[in-house]
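Enquirer: Okay, here's what each chain looks like letter by letter:
There are 2 protein chains.
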Amino acid sequence: MNKSLHDSLFMKALRREPVPRTPVWLMRQAGRYLPEYLAIRKKAGSFMQLATNPELACEVTLQPINRFGLDASILFSDILTIPDAMGLGLYFETGEGPKFERPIRSQKEVDDLIIPDPGDELRYVTDAVSLIRKELPENVPLIGFCGSPWTVATYMVEGGSSRNFSIIKAMVFQQPQLMHALLLKLANASVAYLAAQIEAGAQAVMVFDTWGSSLSTSSYKEFSLVYMRHIVAALKADPTTRDTPVLLFTKGGGHWLEMMADTGCDGLGLDWTCDLGQARERVGNRVALQGNLDPGVLYGDTGTVTRECHRVLKSFGNGPGHIFNLGHGIHPGVDPERVTDLVAAVHSFAAIETK
Amino acid sequence: MNKSLHDSLFMKALRREPVPRTPVWLMRQAGRYLPEYLAIRKKAGSFMQLATNPELACEVTLQPINRFGLDASILFSDILTIPDAMGLGLYFETGEGPKFERPIRSQKEVDDLIIPDPGDELRYVTDAVSLIRKELPENVPLIGFCGSPWTVATYMVEGGSSRNFSIIKAMVFQQPQLMHALLLKLANASVAYLAAQIEAGAQAVMVFDTWGSSLSTSSYKEFSLVYMRHIVAALKADPTTRDTPVLLFTKGGGHWLEMMADTGCDGLGLDWTCDLGQARERVGNRVALQGNLDPGVLYGDTGTVTRECHRVLKSFGNGPGHIFNLGHGIHPGVDPERVTDLVAAVHSFAAIETK
Numbered sequence: 000m001n002k003s004l005h006d007s008l009f010m011k012a013l014r015r016e017p018v019p020r021t022p023v024w025l026m027r028q029a030g031r032y033l034p035e036y037l038a039i040r041k042k043a044g045s046f047m048q049l050a051t052n053p054e055l056a057c058e059v060t061l062q063p064i065n066r067f068g069l070d071a072s073i074l075f076s077d078i079l080t081i082p083d084a085m086g087l088g089l090y091f092e093t094g095e096g097p098k099f100e101r102p103i104r105s106q107k108e109v110d111d112l113i114i115p116d117p118g119d120e121l122r123y124v125t126d127a128v129s130l131i132r133k134e135l136p137e138n139v140p141l142i143g144f145c146g147s148p149w150t151v152a153t154y155m156v157e158g159g160s161s162r163n164f165s166i167i168k169a170m171v172f173q174q175p176q177l178m179h180a181l182l183l184k185l186a187n188a189s190v191a192y193l194a195a196q197i198e199a200g201a202q203a204v205m206v207f208d209t210w211g212s213s214l215s216t217s218s219y220k221e222f223s224l225v226y227m228r229h230i231v232a233a234l235k236a237d238p239t240t241r242d243t244p245v246l247l248f249t250k251g252g253g254h255w256l257e258m259m260a261d262t263g264c265d266g267l268g269l270d271w272t273c274d275l276g277q278a279r280e281r282v283g284n285r286v287a288l289q290g291n292l293d294p295g296v297l298y299g300d301t302g303t304v305t306r307e308c309h310r311v312l313k314s315f316g317n318g319p320g321h322i323f324n325l326g327h328g329i330h331p332g333v334d335p336e337r338v339t340d341l342v343a344a345v346h347s348f349a350a351i352e353t354k
Numbered sequence: 000m001n002k003s004l005h006d007s008l009f010m011k012a013l014r015r016e017p018v019p020r021t022p023v024w025l026m027r028q029a030g031r032y033l034p035e036y037l038a039i040r041k042k043a044g045s046f047m048q049l050a051t052n053p054e055l056a057c058e059v060t061l062q063p064i065n066r067f068g069l070d071a072s073i074l075f076s077d078i079l080t081i082p083d084a085m086g087l088g089l090y091f092e093t094g095e096g097p098k099f100e101r102p103i104r105s106q107k108e109v110d111d112l113i114i115p116d117p118g119d120e121l122r123y124v125t126d127a128v129s130l131i132r133k134e135l136p137e138n139v140p141l142i143g144f145c146g147s148p149w150t151v152a153t154y155m156v157e158g159g160s161s162r163n164f165s166i167i168k169a170m171v172f173q174q175p176q177l178m179h180a181l182l183l184k185l186a187n188a189s190v191a192y193l194a195a196q197i198e199a200g201a202q203a204v205m206v207f208d209t210w211g212s213s214l215s216t217s218s219y220k221e222f223s224l225v226y227m228r229h230i231v232a233a234l235k236a237d238p239t240t241r242d243t244p245v246l247l248f249t250k251g252g253g254h255w256l257e258m259m260a261d262t263g264c265d266g267l268g269l270d271w272t273c274d275l276g277q278a279r280e281r282v283g284n285r286v287a288l289q290g291n292l293d294p295g296v297l298y299g300d301t302g303t304v305t306r307e308c309h310r311v312l313k314s315f316g317n318g319p320g321h322i323f324n325l326g327h328g329i330h331p332g333v334d335p336e337r338v339t340d341l342v343a344a345v346h347s348f349a350a351i352e353t354k
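As you go down the protein sequences, you meet chains D and B in turn. For the first sequence, numbering that gives the first Met the number 0 begins at 0 and goes up steadily by one. For the second sequence, numbering that gives the first Met the number 0 begins at 0 and goes up steadily by one.
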């Protein structure tokens, strides 16, 4: 890693080192709220045609960096690239979200799953990472990512998005060994996938556990957390990846922060329902905290955005280890000008504080 | 209240008095998973035709009591009866959930809202409560309920269910005074509505805050919690209602339990992501705790249901103040036999523990 990347605000904050101001990036910063994204999306055809085309993926990844001057970039991709590469046939039905042609329900189907080769079936992702790294300003870190094994499994077993998780819950409770076999395969595939993204040029990686809070505390430990810990441990055990910080984010997982910090990860994403100051008291300085503005604030006006950003910054308090972000991805329909306001508010806070 | 009601397991547990075994009832215990419910629902026509007919509402309220021998009954109704009585025109579109013909967006629309008279526009509810109380076994308490002002307001402002709460979030942040005017009206309407249910025969009342966790901690305090506190305080200030226990339930509100207990309520509902033992350490003996089995467990088999019920009971530990329930309503598609298993598991646990 070059010195300007190593010394960037984002990387320093992840290492809990002092920074002149809080770094800021936003989940789903590249996406449907941006007119320039919608133009490329239209040109590409489908979402997957966009995500699997390294040049276009690079272009949309850079759009919010160019527009807003954010402190970190995140690969434009999807958490379902791994099961797609496993041969499940990912497709998107308008208004219904992702679906799989061939969901996974039996031991044989789990046994038959291949762990995709990131240099082959997922080559489009590592190609995109290399290209983005080349095109990004040299002081802007690039974040790679994957879905958590549990979250990815919900889609693979249910065959798409789910309201009640009826099929996978039956599997969790009646066929736990089958569930574990699937999750272990996904965890190993995720390790290889994240390692390949790191090798291709990512400076940090993040695991998105969108559906961890569909589980009870005991089931969360057994079926989600343990596999995120597996990913962290494998990356930390490998000399080629161990210096790359790992962020974990379980949406709705605010009461599990201590356990999450115990995985050995470097940072935790917090959703908007958490209080940053309280979270910090609970996990101490072991990890950086990333978050956690209510994305609904961006439906407000400039004054609202400024006030609520400053409230989040104040709630963290003094000292290092905060990365400003939303508590969830940007909603469609948000005016990009509000994101400009958000970035300005984070920048101006530092000025207020150092007066 | 007669002695058998006063001494029922449910009422004792709510008062944190010792009980020979943990009482059990289930959110949405009357509903779509029951064939006898579906038969009445078909006969009634629409959901609202069922909910507004006291005889039919009474019949479906009693169905799970007769089938499973549960320890408490809950009025069959909906959290949107108040805005419907306010004239917003509630209707249900198949597969899309509740909608309002006339959503509330402006100061004038808020000013024009009437607080419904529970003896008039909501007479069908109090009539149902009286009838159910008459028909219920004399030792089975009846729980009345309403939605939290914030939760009800989300439907009134958005015009129905919402994914991102874009319209009401804009109102929260840009027109907080308008938001507060609406919430105060709803809180006052809720007090009158719950008081009328108590007068008609309910032994306890519960406030369902389904969407509280769409808010950040600071917004939750300002826009949801304060109005639930208002309801609790008003009921506790009135000699005719002050002895009736009040339960609060914010789904996804596990980190806010201390604040919720501070409202002066008698019990807290917990969703399935919380650990009952930890929750109890945090709130002490101030309130009873109700919950919190993952409703997905009911997609498992008998052994699963027994094991997971016992796990929940053990997580609470010894001592009084636990009411067994799910962490959320029963999902459609659950086999009613699993509910039989659940009730048997709660009963058998007491036998195991006292051996």
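In case anyone wonders, no lab produced these hints; they're calculated from the structure. C-beta: ideal position from N, C-alpha, C; glycine also. Don't take each hint at face value.
Claimed, not checked - Here are the computed lysine to any residue pairs in the SDA-like style, where the Cα-Cα straight-line distance is at most 20 Å: (1) B:Lys220 - D:Asp274; (2) D:Lys220 - B:Arg310; (3) D:Lys98 - B:Gly94; (4) B:Lys313 - D:Glu221; (5) D:Lys220 - B:Lys220; (6) D:Lys220 - B:Gly94; (7) B:Lys220 - D:His330; (8) B:Lys220 - D:Arg310; (9) D:Lys313 - B:Lys220; (10) B:Lys98 - D:Arg310; (11) D:Lys313 - B:Glu221; (12) D:Lys220 - B:Lys98; (13) D:Lys220 - B:Thr303; (14) D:Lys220 - B:Gly276; (15) D:Lys42 - D:Arg14; (16) B:Lys220 - D:Ser314; (17) D:Lys313 - B:Leu130; (18) B:Lys220 - D:His309; (19) D:Lys220 - B:Gln277.
Claimed, not checked - Sample of chain D residues facing chain B (criterion: CB under 8 Å; computed from the structure): (20) Tyr90; (21) Phe91; (22) Glu108; (23) Tyr123; (24) Pro136; (25) Phe164; (26) Lys168; (27) Ala169; (28) Ser217; (29) Ser218; (30) Gly251; (31) Gly253; (32) Cys273; (33) Val296; (34) Asp300; (35) Arg310.
Unchecked claim - Taking beta-carbon pairs under 8 Å as the criterion, some of the chain B residues facing chain D (in silico): (36) Phe172; (37) Gln173; (38) Asp274.
Enquirer: Among the hints numbered above, which are violated by the structure, and what are their numbers in rising order?
Expert: Going through the list in order, the structure violates hints 5, 6, 7, 10, 12, 15, 17, 20, 21, 22, 23, 24 and respects the others.
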